[in-house]
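Trainee: Residues per chain are reported as follows:
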Amino acid sequence: MKKTFLLGLALVTTATASQAAAQTITGAGASFPFPLYSKMFAEYRSETGVSVNYQSVGSGAGQKQITERTVDFAGSDNPMSDEAMKAAPGKLLHVPTAIGAVVPAYNVPGVTQPLKFTGKVLADIYLGKIRTWNDKAIASLNPGVTLPGLPITVVRRSDGSGTTYVFADYLSKVSAEWRDKVGVGNSLQWPTGTGARGNDGVAGVVKSTPGAIGYVELVYAKQNKLPFGSVRNRAGKDVLADNGPASLAAQGVVIPADTRVSLTNSANRDAYPIASFTYVIFYAEQKYGNRTEAQAKALKNLLTWMVTKGQAYNEGLDYAKLPPAVANKARNIIASMTYGGKKL
Amino acid sequence: MNEPVRPRPLTRAPLSARSDRTFQGLILALASVIVLVFVLSVYQLGRESWPALREFGLSFYTERTWNPVSGQFGAAQMLIGTLVTSLAALVLSVPLAVASALFVAEYAPKWLANPVGYLIELLAAVPSVVYGLWALFVIAPILGRWQQGFFADPANVALYTRCQDLWNSGQTTLQCFFVPSAFDGRGLALAIIILTVMILPYTASVARDVIRLVPADQREAMYALGATKWEVISRAILPYARAGILGGVILALGRALGETLAVAMVIGDSQEIIKSLWGGASTMASVIANQFGDAQERLHRSSVVALGLGLFFLSVAVNFLARVVIARLTPKGIQ
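Each protein sequence line maps, in turn, to chains P and D. The letter at position 64 of the first sequence is residue 64 when you use our numbering, and the numbering goes up by one with no holes. The letter at position 123 of the second sequence is residue 1123 when you use our numbering, and the numbering goes up by one with no holes.
For the record, the hints were derived by calculation from the structure and aren't laboratory data. All clues given are correct.
One-sided excerpt, in silico: chain P residues whose CB lies under 8 Å from chain D: (1) Gln63; (2) Ser161; (3) Gln189; (4) Ser208.
Which chain D residues stay away from chain P? Per the calculated CB distances, all over 12 Å, these: (5) Arg1021; (6) Ala1029; (7) Val1035; (8) Ser1059; (9) Ala1113; (10) Val1126; (11) Phe1178; (12) Met1222; (13) Thr1228; (14) Val1232; (15) Leu1238; (16) Arg1242.
Beta-carbon label-pair distances, calculated as ranges: (17) Ala137/P / Ser1169/D: 20 to 30 Å; (18) Phe34/P / Glu1063/D: 33 to 43 Å; (19) Val1138/D / Gln55/P: 29 to 39 Å; (20) Asn1168/D / Thr70/P: 36 to 46 Å; (21) Phe34/P / Pro1141/D: 24 to 34 Å.
Where a beta carbon is used, it is the ideal one built from N, C-alpha and C, also for glycine.
Just chain P, with the same shape it has in the complex (with noise of 0.2 Å):
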């Protein structure tokens, strides 16, 4: 009696562990997407009872980690590059999750409504170009607004960061002598400028420091309550960033297949510039390791539900949504996951 009792609570927790082993699912890098990612799977857990454990290391570490298949899925907020893709032992897919926006956040004493910046102006400052905020550069495009003759504090990122990466790649787009002198890259070899860790050190720098402009997520600025000026598009209209202007970057850019572009400097006429896609990135083939059908499967649930009803958590914790058409061409990838040959 007691054996057959024993046995059955043998098979019991042996069923369970197979059973949460199934259902927990890995995922590791990008920092930008981690209160979204972490919303979203408390959400899903609560739904369907599968767990995602997500690390935010960083994309360059999430891109590591999905290289040497540690991770179910990596997240990053720049794509991999052609040169990072061919190290990995399988075709890899990117799917984007959501859109955010990179802000000039400032703390100019004295001004009151938020400034006005083009692309061009953002480049001399962060060149070390125009060092004070009077420069008749800045003023021009601020007609009406008193500003003090304070020196401009350059806060720029220390750490790696695909922050950087979307503020240098809307620079060099925009600025030849950016593109020449200084490049786009998670690290970059700054002109000048003092650096801070993190979004939220930049942020705390910033609000510190009068006189002082640096350049953060959206939600960062809003969180810390840090006034951020609106940036000149392409089409010549000055937007202040929010969550709609930043999903129309995604209208004004051909999307290609694999979802792997650049969204700044958008051609939408309502689009704010500096904004990027944030990624997740697994392989196409499943069958790989000791990986099961049901992992598999188990993966593809929950990246089909980001990309559709997870959808709906974005605004709230100000990412932009996924336009239709991109949410579709991100359904169309995900679908085309196979296991073993055959299609999920």
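Position chain D relative to chain P; hints supplied.
Mentor: Chain D in isolation, oriented as in the chain P frame:
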């Protein structure tokens, strides 16, 4: 009955000999684990940094450009940054540490000496992220306010503009070296200040212990000659204790060289030549902390690891040098 009892140790001798051998083997194994860890870490660091070292050769440690975009990596600036912050912090902290050790060991009454000594040791137990936050939220604003006061004078703003032209061309003058480059309070100076506080307890507590260990005969002999308290300290105590104090200094230097988080939070991260005391700089450890997580290109990642290898050898070299210095400074007759 009359037969003498066999001495018991004889029967136990083989067991004791056996356990001796076992213990010897155990100790040997444990000791070789340490050596193994050392060798393994050199091997791992070397293997990971090989792509960078193959690409740039040893000029990796003498080149000044660190540009992740163009894929040019040279660690000279971080090497200098590490040495400058550590040595400057040492110069500031050693007099403070020795003074506090002398106070605790020689001057303070007992009811004061114990709590003060305890508090100094407590400084060593504070995690470095706490120091970093303290520097960022308490000291940086204080320095920032001073810098704002500096910029309130239009003449200084003109001076700053002149200096910035000079800095942009990669030069500096003695005057410009002390002109703030921004007013957020962060930068090289703040990193040195925070390192000074962080390494203080190491030197101070070691110095206090070795000063207490100076034999009473030494002092009494000196007093018997009619020496004043200061003469006793400067002629009898400090010379006797200097080797031990230097040991504490080395310990502090080791910590300063490798300190990562607090420095990375406040140093302002610039891989340019150090042009102003108040401007940004970077150390090898701070660049590793900042760039390793997001280094996507193979060469970039490998270069960051090569920084680690450089830091490893720098620490070994500094420690070796320190041992030589201590051996020379130790007065004869002291073990």
